[in-house]
Amino acid sequence: MLYALLCYNDEDMVYSWTQEEDAAVMTKIGVVKDRLVREGKLGPSLRLLPTTSATTVRKSGGEQLVIDGPYAETKEQLLGFYIIDVANLEEALAITRQLGEANPTSNYEIRPVGLYFGDERETAETTASA
Amino acid sequence: MTDPAWINAALVGARPQAVGALLRYFRDLDIAEEAFQEASLRALKSWPRNGPPRDPAAWLILVGRNAALDGVRKRSREADLPDEAALSDLEDVETPLAERLDGSHYRDDVLRLLFVCGHPELPATQQIALALRIVSGLSVKQIARAFLVGEAAMEQRITRAKARIAKAEVPFEAPGPAERSERLGSVAAMLYLVFNEGYSAGDGEARAQLCGEAIRLARLLLRLFPTEPEIMGLTALMLVQHARAPARYDAEGQIVLLEDQDRGLWDRKLIAEGLALIDKAIRHGAPGAYQVQAAIAALHARAPRFEDTDWFGIERLYASLERIQPSPVVTLNRAAALAKVAGPAEALAMIEPLADRLENYFHFHGARGALLLQLGREAEARTCFDRAIAQANTAAEANHIRQHLDRLTQDCARAMSAPPVATRP
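These protein sequences, in sequence, are chains P and G. The opening residue of the first sequence carries number 1 in our numbering; numbering runs sequentially from there. The opening residue of the second sequence carries number 1001 in our numbering; numbering runs sequentially from there.
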């Protein structure tokens, strides 16, 4: 079963980490990630740039409005996510707890994946050249 | 990260909002600072036990406000201090308070706080010191180190700045749209001063911290004012320039010119964030000085190698900057780009009329010398380089020009391809 682990945190705090603190957290997360890779459970994972760099497209009265900033103004912001391939929620929870220990102030939403399309750029290239 | 580290990051992250709200409440910088200090001490006791509050800023504002009020009461002997137990129930009070303190509330509080620190009546050095002390919470010792002055002198500078602010009568009601935009402009200028203080002189850790601080506060400002293209431009400008920091100095602390920098050392994440902001800003169709400067920095950042630099685009952008913000320094930079596009003679003709106004400007003499050198006018070039050394602000700048003089002595031909362009390394 595929799950998305959506990582939320307070940007004011995360962007107040010193470089060393940031690096320390990333190293700890790296340990958890490496293990997941070895176990064949980790799909794509990524860290997003701050919400200040975000643009939102909203529909209003049949028009698509382009708005500066993230979709929702919240106290914690979506900062990144992992796709994991595990047997069930219990296993997803166990991995989330490990990530939570590596990153002490983050919160996670575990969201089962319905449809999954991988990185299809390679497919596009072979189709084009064929 | 150990526990105290996340608490510290949370305190630093919440500080502008919290001190800003406390300033609105008490209308006095010293009381606001003390109140925040007291709240931080209590956080250090309470947070490791109870975990971080959902909204650290709201927690600190509430606790700080109560602590300061208690202090006033205690001093006036109207009431006793509350016991510690009263503070442990904060989680209950926190939620409704957090609801009341929505984004727009913080927005004007943070803007006011930054505006106070960057008050136009304060000289630049006092603005930077005050902002670092009050908004960033750096210690006087840290700030003194960055400015290379003694702690006592820095303490005095900050005290003087506060005294001026107290007399300046900053309005505390919510600003109107015109005033808000005016404040944003002066706050942006102050943030860029902080950044430049860190960027300009040396690669010491204390200085690099100032660049990081300026970027952190710019991101905060942008989160509070997400549709301001000039704040996007300012943030992008600082991000892209700061991205080059790891490549700007060699192991001996000597300046590495843009053309010689190892572009593999540039921080791609900061550049990506900067480029994203420029894209967003351009859509507003309201160009400004920060946006144009950011676009120039972006053209440098986009070039995989120095030879790939889009000098034509850079020259055009400096021409628009000249229209928006006429200044001899901008023209000097435009000339450096023009030299690449049209040759040294055209560039020299562009900067000759600036001689009077840039008489004491290091980069003018360095750039003029390089152009003369390219034109084979070696004796004049040497005079320019000597004048540049006399005007150098740092040992690294002087050394850099000395290298040109050495090369001139050894081999003019080699120096021709390496003019000390005024473009920032």
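Incorrect hints may have been included.
[To be verified] Derived SDA-like pairs (lysine to any residue); straight-line CA-CA distance at most 20 Å:
id: 1; chain 1: G; residue 1: Lys1269; chain 2: G; residue 2: Arg1216
id: 2; chain 1: G; residue 1: Lys1141; chain 2: G; residue 2: Ala1208
id: 3; chain 1: P; residue 1: Lys41; chain 2: P; residue 2: Gly114
id: 4; chain 1: P; residue 1: Lys28; chain 2: G; residue 2: Ile1007
id: 5; chain 1: G; residue 1: Lys1269; chain 2: P; residue 2: Pro50
id: 6; chain 1: G; residue 1: Lys1269; chain 2: P; residue 2: Ala23
id: 7; chain 1: G; residue 1: Lys1141; chain 2: P; residue 2: Thr18
id: 8; chain 1: G; residue 1: Lys1340; chain 2: G; residue 2: Arg1216
id: 9; chain 1: G; residue 1: Lys1269; chain 2: P; residue 2: Ala24
id: 10; chain 1: P; residue 1: Lys59; chain 2: G; residue 2: Thr1227
id: 11; chain 1: G; residue 1: Lys1269; chain 2: P; residue 2: Lys41
id: 12; chain 1: G; residue 1: Lys1269; chain 2: P; residue 2: Gly80
id: 13; chain 1: P; residue 1: Lys75; chain 2: G; residue 2: His1105
id: 14; chain 1: G; residue 1: Lys1269; chain 2: P; residue 2: Leu78
id: 15; chain 1: P; residue 1: Lys28; chain 2: P; residue 2: Gly80
id: 16; chain 1: G; residue 1: Lys1045; chain 2: P; residue 2: Thr105
id: 17; chain 1: G; residue 1: Lys1269; chain 2: P; residue 2: Gly114
id: 18; chain 1: P; residue 1: Lys75; chain 2: G; residue 2: Arg1107
id: 19; chain 1: G; residue 1: Lys1141; chain 2: G; residue 2: Lys1269
[Claimed, not checked] Partner residues are not named here, just some residues of chain G that face chain P (Cβ under 10 Å, in silico):
id: 20; residue: Asn1008
id: 21; residue: Gln1017
id: 22; residue: Lys1045
id: 23; residue: Arg1049
id: 24; residue: Leu1220
id: 25; residue: Met1232
id: 26; residue: Ala1272
id: 27; residue: Gly1274
id: 28; residue: Gly1285
[Stated by the list, open to error] Just the calculated beta-carbon pair ranges, DEER-fashion:
id: 29; chain 1: P; residue 1: Leu65; chain 2: G; residue 2: Gln1254; range: 47 to 55 Å
id: 30; chain 1: P; residue 1: Ile67; chain 2: G; residue 2: Arg1049; range: 19 to 27 Å
id: 31; chain 1: P; residue 1: Glu63; chain 2: G; residue 2: Phe1312; range: 34 to 42 Å
No wet-lab data here; the hints were simulated from the structure. A virtual CB, placed ideally from N, CA and C, is assigned to each residue, including glycine.
Q. Is the straight-line distance between the alpha-carbon of lysine 28(P) and that of glycine 80(P) 20 Å or less?
A. Distance of about 16 Å is within 20 Å: holds.
Q: For the range 47 to 55 Å, tell me whether the beta carbons of leucine 65(P) and glutamine 1254(G) fit it or not.
A: Cβ of leucine 65(P) to Cβ of glutamine 1254(G): about 51 Å, so the range 47 to 55 Å holds.
Q. Regarding the pair lysine 1045(G) and threonine 105(P), is the alpha-carbon distance no greater than 20 Å?
A. Distance ~17 Å between lysine 1045(G) and threonine 105(P) Cα, so the pair holds.
Q. Given leucine 1220(G) as an interface hint, is the shortest Cβ-Cβ distance to chain P below 10 Å?
A. 7 Å, holds
Q. Within 20 Å, alpha carbon to alpha carbon, are lysine 1269(G) and glycine 80(P)?
A. 14 Å, holds
Q: So, methionine 1232(G) near chain P? Judge it on the closest CB pair being under 10 Å.
A: 8 Å, holds
Q. Holds or violated: lysine 1269(G) with arginine 1216(G), Cα cutoff 20 Å?
A. Holds, at about 15 Å.
**Q.** Straight-line alpha-carbon gap lysine 1141(G) to alanine 1208(G), limit 20 Å
**A.** 16 Å, holds
Q) Regarding the pair lysine 1141(G) and threonine 18(P), is the alpha-carbon distance no greater than 20 Å? A) 18 Å, holds
Q.
A range of 34 to 42 Å was offered for this pair. Does it hold for the Cβ distance of glutamate 63(P) and phenylalanine 1312(G)?
A. Given a distance of about 37 Å, which is inside 34 to 42 Å, the answer is holds.
Q: Using Cβ atoms only, decide whether glycine 1285(G) comes closer than 10 Å to chain P, and label the hint accordingly.
A: This hint is violated: glycine 1285(G) lies away from chain P, its Cβ roughly 13 Å from the closest one there, beyond 10 Å.
Q.
Check whether the Cα positions of lysine 41(P) and glycine 114(P) lie no farther apart than 20 Å.
A. OK: lysine 41(P) and glycine 114(P) at ~17 Å, within 20 Å.
Going down the numbered hints, you'll see the structure goes against 8, 11, 17, 19, 22, 23, 28 and 30, while the others check out.
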